[in-house]
Structures are given as structure tokens and as C-alpha cells.
Amino acid sequence: DGGITQSPKYLFRKEGQNVTLSCEQNLNHDAMYWYRQDPGQGLRLIYYSQIVNDFQKGDIAEGYSVSREKKESFPLTVTSAQKNPTAFYLCASSPLGQPGNTIYFGEGSWLTVV
Amino acid sequence: DQQVKQNSPSLSVQEGRISILNCDYTNSMFDYFLWYKKYPAEGPTFLISISSIKDKNEDGRFTVFLNKSAKHLSLHIVPSQPGDSAVYFCAARPDSGNTPLVFGKGTRLSVIA
Chain Y
1 DGGITQSPKY LFRKEGQNVT LSCEQNLNHD AMYWYRQDPG QGLRLIYYSQ IVNDFQKGDI
61 AEGYSVSREK KESFPLTVTS AQKNPTAFYL CASSPLGQPG NTIYFGEGSW LTVV
Chain H
1 DQQVKQNSPS LSVQEGRISI LNCDYTNSMF DYFLWYKKYP AEGPTFLISI SSIKDKNEDG
61 RFTVFLNKSA KHLSLHIVPS QPGDSAVYFC AARPDSGNTP LVFGKGTRLS VIA
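Chains Y and H, in that order, are what the protein sequence lines are.
If you're matching positions, the first sequence starts at 1 in my numbering and goes up one per residue.
If you're matching positions, the second sequence starts at 1 in my numbering and goes up one per residue.
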């Protein structure tokens, strides 16, 4: 089945630790995105990438890092510099070039700091 | 500065009646608008979209209306069903397809049986 796979679904992080959330897509989409959802805050863009080995900061990139070594993969690392990392993280992908392009989301990953 | 605003955090509607979810935007460069539906602990799913060259787009029970001069769009669900209970996000982008979507904060719809 084509789609976007995020793992793990639930992740607990201790203070001061870095953690990496995985995102893989087999839709052959050029663009990939990471969003964060907090209660009452909607979906806020962390990072996005439109081509391998290139990515851009979104609105809330501080404390996060990404890589795009393969077209299918866009992992997100939540570093210890992110002061409030507890949230629901959503990975998405889309084709490029047409304004009507829909973005498709994965099932999300819950990160909790303990 | 919020470019896409959904001013109603929640809405309750009786089953069978119409649900109207509203969205306002401030960026005049936005040319394409989408609605997503989200259940708890799941990723959002695409519902319906509209281009700025249209003022209405319909898909089954869902209709989106766009008033470009007022920078306002609305999603109508008729008739509303209990399974429609979810959070609905409005999203927008300029006319290129290469810019990330900007999302509103969402409206939680509850359809009461």
C-alpha cells in the first residue's frame, strides 16, 4: 500500500536527550514536511524539504534538525535545545508543481518528555 | 501573525442539520484553499479544496464557498452525521504548489445524535 509511515507512534524522552522520529513515504513525492500539533495551536510547520539534500526551516524550527539523504525518508530529530517538545508530530508529503497538490499525512507520533 | 484564522474553536450541531465552518485569511497571495479533517491521534485527511478562480466547489455532502473579496471561506456539511465529529482545519497556499500549506488552528465539530 502507498502511504506515509511514521515511527514510533509513542515515544518518551528524558530531559536532555535527543530523539529521532522516522518518516518514510513510498508515494514518490518530492516534498516532505514536519508539522507539530499542540492543543489549540493547529498545525505549525517545523521543517520542509523539496529535494534530496536540501531543506528549509518552517515557523518553529528552533530545537529541531532534519536530514533528507533519500527521497523517501525525512527523519526529524528533537534535540535537547527544544524546551517544550511534548506534542503530536505529523509528517507529510506532496508532489510539487501544481497549486492544487494535496499534502498527505502520516498517522503521527506522540512525543512525551518524562 | 496568523495568516489563516478559524475563529470558532468548537461547534455543536444536531444530526441531520447543516454544519458551517468558517475560515478567514489575511494573505492576498493565497490562491488555493483546502479543508482537512482530523480524528484524535490520527493524521489529517484531505476533504475538499477550492481554487481562487471559483467561488464554490461541491463534493457529496461537502461544499466549500470562497468569497475572495472578503478573504473568507466556509465549509458546509449537509446533512451532518455523527461520524463527521472531528477537528476541521482550513489551509491555504499561494498559486505555485511549491509552498507549504499554512493551517488555521482548527474547529472541533461535534454532531449530536
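Simulated from the structure, these hints should not be mistaken for laboratory data.
Mixed in with the good hints, there may be bad ones.
What the hints assert, rightly or not - Simulated crosslink set (PhoX-like; lysine-lysine; CA at most 25 Å straight-line): (1) H:Lys37 with Y:Lys9; (2) H:Lys5 with H:Lys37; (3) H:Lys56 with H:Lys5; (4) H:Lys54 with H:Lys71; (5) H:Lys56 with Y:Lys57; (6) Y:Lys83 with Y:Lys9.
What the hints assert, rightly or not - According to the in silico footprint, chain Y covers these stretches of chain H (three or more CB under 8 Å from chain Y): (7) 37-48; (8) 103-113.
Said to hold, decoys possible - Far from chain Y, some chain H residues (derived; all Cβ distances over 10 Å): (9) Arg17; (10) Asp24; (11) Leu34; (12) Glu58; (13) Arg61; (14) Thr63; (15) Leu66; (16) Ala70; (17) His72; (18) Ser74; (19) Gln81; (20) Pro82; (21) Asp84; (22) Asn98; (23) Pro100.
Idealized CB from N, CA, C, for every residue including glycine.
Practice item. Check each numbered hint against the structure and report the violated ones by number, ascending. Key: 5, 11, 22 and 23
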